[in-house]
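Listed here are the chains, written in short residue letters.
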Amino acid sequence: MSHALFDKVYVEKRASKDTVTGRILERLGDPEREYIDHYKDVFDAKDAYAGRSLILAHNPGKRIYEGAPVCQSFGNKHFYYSPCVMNCIYDCEYCFLKGMYPGKNICIFTDIEETFAELEKIEKKHDAYVCASYNTDLVALEDVAGYVEKWCEKTAADERLTTEIRTKCSRTDIYEKLPVSERLIFAFTVSPDEIAKGYEKGTPNAAGRLKAVKAAAAAGFPVRLCFDPMIYVRNWREIYTEMVRRASEELRPVNVRDISIGTFRISDQYLKNMRKKYPDSQIAQYPYIIDKGYGRYPDKVADAMEDYMKELLDSFFKDVPVFCWR
Amino acid sequence: MIPGAFYSKCIPGALENEMILTEAMKNNLRQICIYAHTAGIDLEIMRQDLEKKGTLPARDKESSKKALTEIYDYVACSF
Ligand code: SF4
Chain B
1138 MSHALFDKVY
1148 VEKRASKDTV
1158 TGRILERLGD
1168 PEREYIDHYK
1178 DVFDAKDAYA
1188 GRSLILAHNP
1198 GKRIYEGAPV
1208 CQSFGNKHFY
1218 YSPCVMNCIY
1228 DCEYCFLKGM
1238 YPGKNICIFT
1248 DIEETFAELE
1258 KIEKKHDAYV
1268 CASYNTDLVA
1278 LEDVAGYVEK
1288 WCEKTAADER
1298 LTTEIRTKCS
1308 RTDIYEKLPV
1318 SERLIFAFTV
1328 SPDEIAKGYE
1338 KGTPNAAGRL
1348 KAVKAAAAAG
1358 FPVRLCFDPM
1368 IYVRNWREIY
1378 TEMVRRASEE
1388 LRPVNVRDIS
1398 IGTFRISDQY
1408 LKNMRKKYPD
1418 SQIAQYPYII
1428 DKGYGRYPDK
1438 VADAMEDYMK
1448 ELLDSFFKDV
1458 PVFCWR
Chain Z
190 MIPGAFYSKC
200 IPGALENEMI
210 LTEAMKNNLR
220 QICIYAHTAG
230 IDLEIMRQDL
240 EKKGTLPARD
250 KESSKKALTE
260 IYDYVACSF
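Order-wise, the sequence lines are chains B and Z. Residue numbering for the first sequence follows this note's numbering, beginning at 1138 and increasing consecutively. Residue numbering for the second sequence follows this note's numbering, beginning at 190 and increasing consecutively.
Mixed in with the good hints there might be a few duds.
[To be verified] Heads up, simulated DSBU-like pairs for lysine-lysine below, C-alpha to C-alpha not over 35 Å straight-line:
#1 B:Lys1414 - Z:Lys255
#2 B:Lys1183 - Z:Lys255
#3 B:Lys1258 - Z:Lys215
#4 B:Lys1429 - Z:Lys254
#5 Z:Lys215 - B:Lys1413
#6 Z:Lys255 - B:Lys1409
#7 B:Lys1314 - B:Lys1262
#8 B:Lys1455 - B:Lys1334
[To be verified] Simulated restraints on C-beta separations:
#9 B:Cys1461 - Z:Glu205: 35 to 41 Å
#10 B:Lys1145 - Z:Asn216: 38 to 44 Å
#11 B:Lys1351 - Z:Thr211: 52 to 58 Å
#12 Z:Ala203 - B:Asn1372: 26 to 32 Å
#13 Z:Arg219 - B:Gly1357: 18 to 24 Å
#14 Z:Ile209 - B:Ala1344: 52 to 58 Å
#15 Z:Ser267 - B:Gly1339: 39 to 45 Å
[As the list claims (entries may be wrong)] Example chain B residues on the side facing chain Z (calculated, C-beta under 7 Å, incomplete):
#16 Arg1371
#17 Asp1417
#18 Tyr1423
#19 Pro1424
#20 Lys1437
Because the hints were derived from the structure by calculation, they are not lab data. Glycine included, C-beta positions come from ideal geometry on N, C-alpha and C.
Take these sequences, add in the hints, and give me the full structure.
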């Protein structure tokens, strides 16, 4: 079934003998594949928009990065992200990956154990908080990559590691099979249906995502709700009010660990690429204020939206800690 | 490449001709107009409003700057 996601499978020669590579190919039903020298030959190819290929490769660069200033650190001093997979099966119009990667191809770095080894070096110095699903949606890719399970195992084993796995996926069947840890946080981006339908192509609706929140919580994982990025659209007050009201109703029995809010922001460089690629996109073409290398809504808009959201949460999710990116 | 026709659709000449704009201001106005086009905001109605208020036409750089700020607020902050 998962193979239907990809038109073609490429395997870097040096990754061909990896256990992870073997397992992924098996999960995909032993598909035809083409062996390549370097993932960039396919990943960066100009005709990358023609379809979606899967590339299994080794990460030749850094495996753990310090978090960007526009990311929410949730009060964690040592905040990192890991690009263990590059690109996403969803197609959110506002996604920074669109400004970063040339096409739809997905590259899974099969040398995940190297990422973990790099992490262990950091953990020798201090605790680490890692966003593992930063350049992708790992839950949505779990049937192929199996990396949610890997990160759950790693987090349960390493006491100095806290991991966030962010997702928009509505799957409910994986959580009870995963090793539970109170340091493994599943963070669900919850969007109003109008936003999901209009700007988050391929993603599940709010009802599906809320069911997944319940499933993760029922399995014993801490859950985080992310009303982030909030998108400035004509009826934003109505749609976000309805979303929060609905979430509070659906999640009444759930112990939500915390909530993240934030209006849309994006690196200036990615924004330029996005505007070229999407000349008709309302989100890409918004006249953002460029501030310290990032595009953001003007204070008047960002303050109005974030203050409004804080008020909503104060009445619908009283006593749940709220983090705002700025 | 973005078709040139797309941009020319986005910048109503009437608006540009009623202001004294530097290149940087022109670029800002262009982006505002492109966004207005994608968001379905009617720039002609806005232009008429600004004319009624006396903001347009703007005769010098200072008043053009003020007009540009008002245009930005109207287009980017009005929802
Ligand atoms: S789900 Fe996240 S990573 Fe995937 S396209 Fe949407 S914003 Fe990007």
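Here is how each hint holds up against the structure:
Taking the CA atoms of Lys1414 (chain B) and Lys255 (chain Z), the gap is about 32 Å. The hint holds against a cut of 35 Å. Taken as a hint, the Lys1183 (chain B) and Lys255 (chain Z) pair is broken in the structure, with Cα atoms around 43 Å apart against an allowance of 35 Å. A threshold of 35 Å between alpha carbons decides the hint, and for Lys1258 (chain B) with Lys215 (chain Z) the separation of about 51 Å lies outside it, so the pair is violated. The straight-line distance between the Cα atoms of Lys1429 (chain B) and Lys254 (chain Z) is roughly 23 Å, inside the 35 Å bound, and the hint therefore holds.
Our distance criterion of 35 Å between C-alpha atoms is met by Lys215 (chain Z) and Lys1413 (chain B), whose separation comes to about 18 Å. With a C-alpha separation of about 26 Å, the suggested pairing of Lys255 (chain Z) with Lys1409 (chain B) holds against the 35 Å cut-off. Distance check on the hinted pair: Lys1314 (chain B) and Lys1262 (chain B) sit about 32 Å apart at the alpha-carbon level, within 35 Å; holds. Taking the CA atoms of Lys1455 (chain B) and Lys1334 (chain B), the gap is about 29 Å. The hint holds against a cut of 35 Å.
At about 38 Å, the beta-carbon gap between Cys1461 (chain B) and Glu205 (chain Z) stays in the expected band of 35 to 41 Å. The hint said 38 to 44 Å for the Cβ distance between Lys1145 (chain B) and Asn216 (chain Z), and at roughly 41 Å that hint holds. Between Lys1351 (chain B) and Thr211 (chain Z), the C-beta spacing of about 55 Å keeps the proposed range 52 to 58 Å intact. About 29 Å separates the C-beta atoms of Ala203 (chain Z) and Asn1372 (chain B), a value consistent with the hinted range of 26 to 32 Å.
Remark: the range hint 18 to 24 Å for Arg219 (chain Z) to Gly1357 (chain B) is contradicted by a beta-carbon distance near 53 Å. A hinted range of 52 to 58 Å holds for the C-beta pair Ile209 (chain Z) and Ala1344 (chain B), which are about 53 Å apart. One distance hint, 39 to 45 Å for the beta-carbon pair Ser267 (chain Z) and Gly1339 (chain B), is violated here, with the actual separation near 31 Å. Hint on Arg1371 (chain B) holds. Least Cβ distance to chain Z is approximately 5 Å, under the 7 Å limit.
The interface hint given for Asp1417 (chain B) holds, since its Cβ lies 6 Å from the closest Cβ of chain Z, which is under the 7 Å cut-off. With 7 Å as the threshold, the beta carbon of Tyr1423 (chain B) comes within range of chain Z, its nearest partner Cβ sitting at about 5 Å, so the hint holds. Proximity of Pro1424 (chain B) to chain Z holds as hinted, the smallest CB-CB distance being about 5 Å (cut-off 7 Å). The beta carbon of Lys1437 (chain B) is positioned within 7 Å of a beta carbon in chain Z (closest approach about 5 Å), and the interface hint is therefore held.
Against the hints set out earlier in the document, violations occur for numbers 2, 3, 13, 15.
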